[in-house]
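Enquirer: As a plain string of letters, each chain reads:
Protein chains: 2
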Amino acid sequence: MVPELHRLSVGEATAWIDRATSPLPTESVSLFAACARVLADGICAVQPIPLADCAALDGFAVAASATVGATSYNLLLLPLRAVSAGDAIPTGTDAVIPLRLAEPQPSNLVECIEAVAPGENVEAQGSVAAAGALLVPAGTQLSPPHIGMLICAGLVSVDVVQRPRVRIVVTPKNAEIDGNGPMIRGLVQRDGGVIADVIAAERTSQGIRNALEADGVDIVLVIGGTGPGTEDHAAAALAAAGELAIHGVALRPGETTGLGDTRSGVPVTLLAGSPAACLFGYEMLAGRAVRRLGGRNPELPYRRRLMHTRRKIVSAIGMTEICPVRCAAHDVAEPLPSFGEIGMMAAVAADGFVIVPEASEGHPQGAPVTVYLYEERCIDG
Amino acid sequence: MVPELHRLSVGEATAWIDRATSPLPTESVSLFAACARVLADGICAVQPIPLADCAALDGFAVAASATVGATSYNLLLLPLRAVSAGDAIPTGTDAVIPLRLAEPQPSNLVECIEAVAPGENVEAQGSVAAAGALLVPAGTQLSPPHIGMLICAGLVSVDVVQRPRVRIVVTPKNAEIDGNGPMIRGLVQRDGGVIADVIAAERTSQGIRNALEADGVDIVLVIGGTGPGTEDHAAAALAAAGELAIHGVALRPGETTGLGDTRSGVPVTLLAGSPAACLFGYEMLAGRAVRRLGGRNPELPYRRRLMHTRRKIVSAIGMTEICPVRCAAHDVAEPLPSFGEIGMMAAVAADGFVIVPEASEGHPQGAPVTVYLYEERCIDG
Chain A
0 MVPELHRLSV
10 GEATAWIDRA
20 TSPLPTESVS
30 LFAACARVLA
40 DGICAVQPIP
50 LADCAALDGF
60 AVAASATVGA
70 TSYNLLLLPL
80 RAVSAGDAIP
90 TGTDAVIPLR
100 LAEPQPSNLV
110 ECIEAVAPGE
120 NVEAQGSVAA
130 AGALLVPAGT
140 QLSPPHIGML
150 ICAGLVSVDV
160 VQRPRVRIVV
170 TPKNAEIDGN
180 GPMIRGLVQR
190 DGGVIADVIA
200 AERTSQGIRN
210 ALEADGVDIV
220 LVIGGTGPGT
230 EDHAAAALAA
240 AGELAIHGVA
250 LRPGETTGLG
260 DTRSGVPVTL
270 LAGSPAACLF
280 GYEMLAGRAV
290 RRLGGRNPEL
300 PYRRRLMHTR
310 RKIVSAIGMT
320 EICPVRCAAH
330 DVAEPLPSFG
340 EIGMMAAVAA
350 DGFVIVPEAS
360 EGHPQGAPVT
370 VYLYEERCID
380 G
Chain B
0 MVPELHRLSV
10 GEATAWIDRA
20 TSPLPTESVS
30 LFAACARVLA
40 DGICAVQPIP
50 LADCAALDGF
60 AVAASATVGA
70 TSYNLLLLPL
80 RAVSAGDAIP
90 TGTDAVIPLR
100 LAEPQPSNLV
110 ECIEAVAPGE
120 NVEAQGSVAA
130 AGALLVPAGT
140 QLSPPHIGML
150 ICAGLVSVDV
160 VQRPRVRIVV
170 TPKNAEIDGN
180 GPMIRGLVQR
190 DGGVIADVIA
200 AERTSQGIRN
210 ALEADGVDIV
220 LVIGGTGPGT
230 EDHAAAALAA
240 AGELAIHGVA
250 LRPGETTGLG
260 DTRSGVPVTL
270 LAGSPAACLF
280 GYEMLAGRAV
290 RRLGGRNPEL
300 PYRRRLMHTR
310 RKIVSAIGMT
320 EICPVRCAAH
330 DVAEPLPSFG
340 EIGMMAAVAA
350 DGFVIVPEAS
360 EGHPQGAPVT
370 VYLYEERCID
380 G
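Line by line, the protein sequences give chains A and B.
Take the first sequence: its letter number 224 is residue 223 in numbering that gives the first Met the number 0, and every next letter is one higher.
Take the second sequence: its letter number 229 is residue 228 in numbering that gives the first Met the number 0, and every next letter is one higher.
Be careful, since some hints might not be right.
If several chains are the same, the list does not tell them apart, and a pair holds so long as it fits within one copy or across any two.
Here are the simulated lysine to any residue pairs, SDA-like style, with alpha carbons at most 25 angstroms apart [stated by the list, open to error]:
| id | residue 1 | residue 2 |
| --- | --- | --- |
| 1 | Lys-172 | Val-155 |
| 2 | Lys-311 | Pro-78 |
| 3 | Lys-311 | Glu-340 |
| 4 | Lys-311 | Leu-335 |
Derived by calculation from the structure, the hints in this document are not laboratory data.
Using the sequences and the hints, build the whole thing.
Expert: See below:
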């Protein structure tokens, strides 16, 4: 009965997570392994970019003053100094003649048919960034172009926030086929966590407690055994291993979600064994903890779009409800049968979902709703 | 001079890629390793879901007919058959009384205080999906919820499109620091490719040709040596190893991009060594080939938003130009200095980019533009 009696709001549960989690310490990693990592400190140019005056295209480096008066009727012969794009231009030159406006000649000379101005086709030293200029701000999640740019800027390693080490504790009933473990594993990886271990615990308070108390991780997610049934021991195990701060959240699906921490201060989330409740307990609460530990944006990693609901959405007051929807048109959301009715089919058939907050009874037909849109955000093995 | 004389449009180059690439054969993988893979065939329910009539919540299974007349003034004693959510209900029962409406008694009885209707709190056999119903259509990129649902539906493996094996050939000048390789590696992984090998080739036609002709991959990306300079041998190497179909694309940055295939039919993309040109040669052309081979949506993997440009965008007719922009407001795009002016800083400082097609001279201030928005789409190592 605990969940029904002591249910807290999603807002209160979120506030608990925000108090219990903050970004992990930093570590230095090679830029070759830094993709998707979160930069701990801003990165400044260690030297001017480019380091010297460089050719902006393939051609011939010249002193612009020597080309004055050159035309196709007045070809000038100049010393041949071929340069490729990106090469530093030789001392004594200050411009580059493109290949098509010059013709190499014997005796290391080049025929020039057009005058160029000083600096023409030259990228001046420091023109992209002066030494000391901020290249990438702290907190940036590094993308492939960041990596390429930082390597070109002369860096070999960067300080990033450590990735949270996540333990998943599954509590299978008998020989039950459990898809929750693999599902949560994929979501943890999406959120930047590293699966440290997956423990199949005996479905007893002591079995789960042992899994909670083993060290070496930054957060533990327990799946199953969160309900009020006689075989549900997750809450008792967490209370024994440390503190059960919250058990029961006014979230549907996900009502039996629990939060707390072990005696050594490791945050723990208890997720329901029912797949849709497990999914949204993770999405709405546990995922936020993983993202905060890793220094990422804590918000749901889905893009939002303001749409209109094609049918009425009904929701109980006092309960945050997740309503799966399909995009019927660019800005029209079609509510699907609920998780209560069709379980995980709702999650996989939907294009996204609407979160109906606890103060709301739902939305009338045609009302504007914010849709969280699914995308292909899964992590490759 | 080749690129300037024989430049093809981006549309023509795209059409060449679409002719040269199609999804790879399929392979069977465990569902535990199927995250982000592309489903080869639609998956139908092998058995009804749920397989039997199941309890929808924790409680006591009863024959509804036996509860008729139960109230808090008329407690009925029924046989105690406790069930957890998801359990099959015993033969002879057709409804579940929630825990809060019943009280277990000695002698294996339960006291019932409210009548329930037949089917109440029961998920009927096949109510989520009948046997044979389509669960996930072919071509779906599997997300964590798909994995969880399919495991729950009784599957252990699925047929998916093979991941394209990608060779990256880098051609460093002297001891040059090259950020292109790591950048392209990250983008290939984002697009579902597997880096089979990275070969640092000698910057000669024969050196690059050897790398092209080694077998074991589905596509080769050569970085550098695509220009008209005397040290640029990529095009000659591809012509010697098979066919150089296109060299020079009316794309800025990315003008010296090349396309072709080896004698054994492996598609090859030649990417410029200049970082911004390398990036957009990949984004606009090579990436499409990788995504097509892997059965993914071939379009650019960025979301699009219709915005208005805060300043004039100028572009040369006959040239597809990429203009980096920053979001100044939800629907206002601020053009940044071009790749020609600030190179890769444009890519990392931007929130996205506008593609100005070759038939356009650009956009006046305030004009609507489609912005491709960057997101954190990088793949974790």
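Enquirer: Confirm or reject each hint.
Expert: For each hint, the structure was consulted:
no., hint, verdict
1, Lys-172 <-> Val-155, "between (49 angstroms within a copy, 18 angstroms between copies)"
2, Lys-311 <-> Pro-78, "neither (79 angstroms within a copy, 41 angstroms between copies)"
3, Lys-311 <-> Glu-340, "within (16 angstroms within a copy, 53 angstroms between copies)"
4, Lys-311 <-> Leu-335, "within (11 angstroms within a copy, 44 angstroms between copies)"
Of the numbered hints stated above, the single one contradicted by the structure is hint 2.
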